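Turn these sequences into a full structure, and let the hints guide you.
Here's the letter readout for the chains.
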Amino acid sequence: MMAGITKIDLARTGNEAMAYAMKQVNPDVVAAYPITPATEIVQLFAQYVADGEVDTEYVPVESEHSAMSACIGSSAAGARTMTGTSSQGLALMYEMCYIAAGLRLPIVMADVNRALSAPINIHCDHSDTMGMRDAGWIHIFSENAQEAYDNMLQAVRIAEHESVRLPVLVTTDGFIISHGMERVATLPDDEVKKFIGPFKPGTMLLDVAKPITVGALNFTDFYFEHRRALVDAQAASVAVIKQVGREFGQKYGTAYDCIEPYQLADAEYAIVALGSTCGTAKVVIDQLRAGGVKAGMLKIRVFRPFPAAEIAAALAGKKSVAVLDRSDVLGGFGGPVFTEVRSALYQKPNAPLLADYIYGLGGREIDMEMIGSVFAQLQDGTAKPDSVQYLGVRD
Amino acid sequence: MITMHPSFEMLRPGKKFPTVWCPGCGHGIVQGAIIRAVQKLGIPRDQMVMVSGIGCSSRMPVYVDFNSLHTAHGRAIAFATGVKLHNPKLHVIVITGDGDALAIGGNHFIHAARRNVELTVILLNNNIYGMTGGQYSPTTPIGKRASTAPYGTAERDFDPCALAVAAGAVFAARGTVFGVVELEKMIQQALAKRGFALVEALSPCPTLYGRLNREGNAVKMIQWQKENTINAKAAAKLPPEKTAGKIITGVFHDAEVTPYTEVYQGIIDKAQGQKQ
Ligand SMILES: Cc1ncc(C[n+]2csc(CCOP(=O)(O)OP(=O)(O)O)c2C)c(N)n1
Ligand code: SF4
Chain A
1 MMAGITKIDL
11 ARTGNEAMAY
21 AMKQVNPDVV
31 AAYPITPATE
41 IVQLFAQYVA
51 DGEVDTEYVP
61 VESEHSAMSA
71 CIGSSAAGAR
81 TMTGTSSQGL
91 ALMYEMCYIA
101 AGLRLPIVMA
111 DVNRALSAPI
121 NIHCDHSDTM
131 GMRDAGWIHI
141 FSENAQEAYD
151 NMLQAVRIAE
161 HESVRLPVLV
171 TTDGFIISHG
181 MERVATLPDD
191 EVKKFIGPFK
201 PGTMLLDVAK
211 PITVGALNFT
221 DFYFEHRRAL
231 VDAQAASVAV
241 IKQVGREFGQ
251 KYGTAYDCIE
261 PYQLADAEYA
271 IVALGSTCGT
281 AKVVIDQLRA
291 GGVKAGMLKI
301 RVFRPFPAAE
311 IAAALAGKKS
321 VAVLDRSDVL
331 GGFGGPVFTE
341 VRSALYQKPN
351 APLLADYIYG
361 LGGREIDMEM
371 IGSVFAQLQD
381 GTAKPDSVQY
391 LGVRD
Chain B
1 MITMHPSFEM
11 LRPGKKFPTV
21 WCPGCGHGIV
31 QGAIIRAVQK
41 LGIPRDQMVM
51 VSGIGCSSRM
61 PVYVDFNSLH
71 TAHGRAIAFA
81 TGVKLHNPKL
91 HVIVITGDGD
101 ALAIGGNHFI
111 HAARRNVELT
121 VILLNNNIYG
131 MTGGQYSPTT
141 PIGKRASTAP
151 YGTAERDFDP
161 CALAVAAGAV
171 FAARGTVFGV
181 VELEKMIQQA
191 LAKRGFALVE
201 ALSPCPTLYG
211 RLNREGNAVK
221 MIQWQKENTI
231 NAKAAAKLPP
241 EKTAGKIITG
251 VFHDAEVTPY
261 TEVYQGIIDK
271 AQGQKQ
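Residue numbers (the numbering used here), protein chains in the order written: chain A, 1 to 395; chain B, 1 to 276.
By construction, these hints were calculated from the structure, which means they are not laboratory data.
Bear in mind the structure is a predicted one, so any value in this text is a computation, not a measurement.
Treat the hints with caution; some may be incorrect.
[Unchecked claim] Not close to chain A: a few residues of chain B, all C-beta gaps over 10 Å, as computed:
id	residue
1	Pro18
2	Thr19
3	Gly250
[Stated by the list, open to error] Among the chain B residues that face chain A by a calculated CB cut under 10 Å, a handful are:
id	residue
4	Pro44
5	Gly133
6	Gln135
7	Ser137
[Said to hold, decoys possible] In the SDA-like style, the derived pairs of lysine to any residue whose C-alpha atoms are separated by at most 25 Å in a straight line are:
id	chain 1	residue 1	chain 2	residue 2
8	A	Lys282	A	Tyr390
9	A	Lys319	A	Pro385
10	B	Lys16	A	Pro119
11	B	Lys16	A	Arg394
12	B	Lys233	B	Thr207
13	A	Lys23	B	Glu155
14	B	Lys16	A	Ala118
15	B	Lys15	A	Ala185
16	A	Lys282	A	Ala185
17	B	Lys144	A	Glu57
18	B	Lys242	B	Gln188
Note that the Cβ used here is the ideal one computed from N, Cα and C, for glycine as well.
Structure (structure tokens):
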């Protein structure tokens, strides 16, 4: 960490950490609708607004569909815009989320991952944000409250970068991170302000000298080019995500990248996971290593854009690898992380045996023993290539 | 001698009681009134369908032993429309909160009223989003506090009954949990109605609305209803200064309009050439 920056260590929940990051970003507009387990984020933020601690216009709309619509309006008008939601709330936003990306609006959204109905459930799995896979948003997972805070700040920089201009989704695991209290080190307000810099919107509705139309009709003439430009923006964001993560490390001590290997370099058996499960897995891996097993993990931090080449390189030469998926692709072939990792490995030299484990749907507990059993199956050969198994479900 | 509570036959067997509702929550009182209304009308349980959205109020179908659908936030009326259209013989009750019916589900509310779909909509109005921790709703009176309005809201509130009537409902009434006998009668009337019928039940939320607005405990909040509501008939005889600031209760609208399923059937018959 650079001299002269004093971080403040406080016990905060994931939601508090995200709300605090939003407070320090001090966006121009926040439009939101409450939903468990993300309610606290926007509610704490409402309190900051009411107490005059931020300059934000807070719009407590009547549904998430309206929340994202209001965010699109404000972002298109040239305002730095943020929101937060979860599960059904995000699902109700989907229509608008595609539009936010298509219009290249740098909205930053906190989502607390929660299972989708039906049956109704309020606990963690990743189904809600996996529904955003094709929406054009950058998608960053957090392992704990600290990462949630750090990711929110970086998200603003990434979203607004002139070669990116895409909305960014930062997620935490419902209740596990959102309501778990941890030690979180936060930066001073002025440091955050310096890090994110002032918002420089690309084109905006409120530039009266240069009136524009946003969202005009594209038929067969231009639609394809606009969608292709989105692909290019996703690709361009990789360098920005890496550069911002590096800069964060140089300035504040913890660097970030698209993926995070853990004991992976010499590992023979590895798992691939997202979110809070990575924290649990690290302990399991330490124990296995102490017992002489060459175990390791590849944590995916950035799910969109999907770091395919990096993943393929990191997993090359491993004997066998298990993907832990906290959501399922119903009627597909394995969970969403598995299908993408397998594509990344296809026709790559030294690609490992790859198996999928779907776990933790609707908040079903994943513990060290379960992760240990996955490693055991990798070692004893019970994990078959391309097999999809369900961990901890009653038949 | 141990006798069974008269409501018991309408409660779901094997379900854990007490309910999720906080002590003093008005929602349970409304549930009791609905059960008694159904019993008095003698409607068999199997002909009752209870459809709800999401919210504290919307948990009711978990306790009442009717056919039930616990759906998505704001969508109960849309689901219920589907049920009713498929089988118009069923009595379809919608249980919804002020947030569920008027914020996220506001569109379904007005359009079902406009179509005059035969639904008995019981809107449990506690002036706040209870389930998610006390955010203000479209019925939070201006200036009242909520977790999203720590110093009071700046927004005007809806009058759900007036909204329903303006949109085309054939029946609209407002009752209180204090006046539960009257409330029960309103529910009976609404259930007997053929068309979109709304009963707005003022149901105190002591845990959130009460605390945030320093309105005291559940007893005080129910007492408040007694002191601050006037029946429409009584209010009509009083000079305006006596009714100022009071909430008017009673049946506001009771009309006969051909219900949607009947009009719809007429079109089917016509299309199939069975009737002229
Ligand atoms: C699409 C969606 N958005 C938000 C929520 C979260 N949510 C659940 S209940 C509720 C509000 C409940 O308020 P109300 O309808 O007034 O019922 P009450 O709990 O007060 O009885 C909200 C916002 C949800 N379940 N789904
Ligand atoms: S929070 Fe309010 S509405 Fe919900 S159960 Fe408790 S008292 Fe009732």
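Practice problem: Tell me, in ascending order, the numbers of any earlier hints that this structure violates. | Solution: Structure breaks hints 4, 12, 15 and 18.
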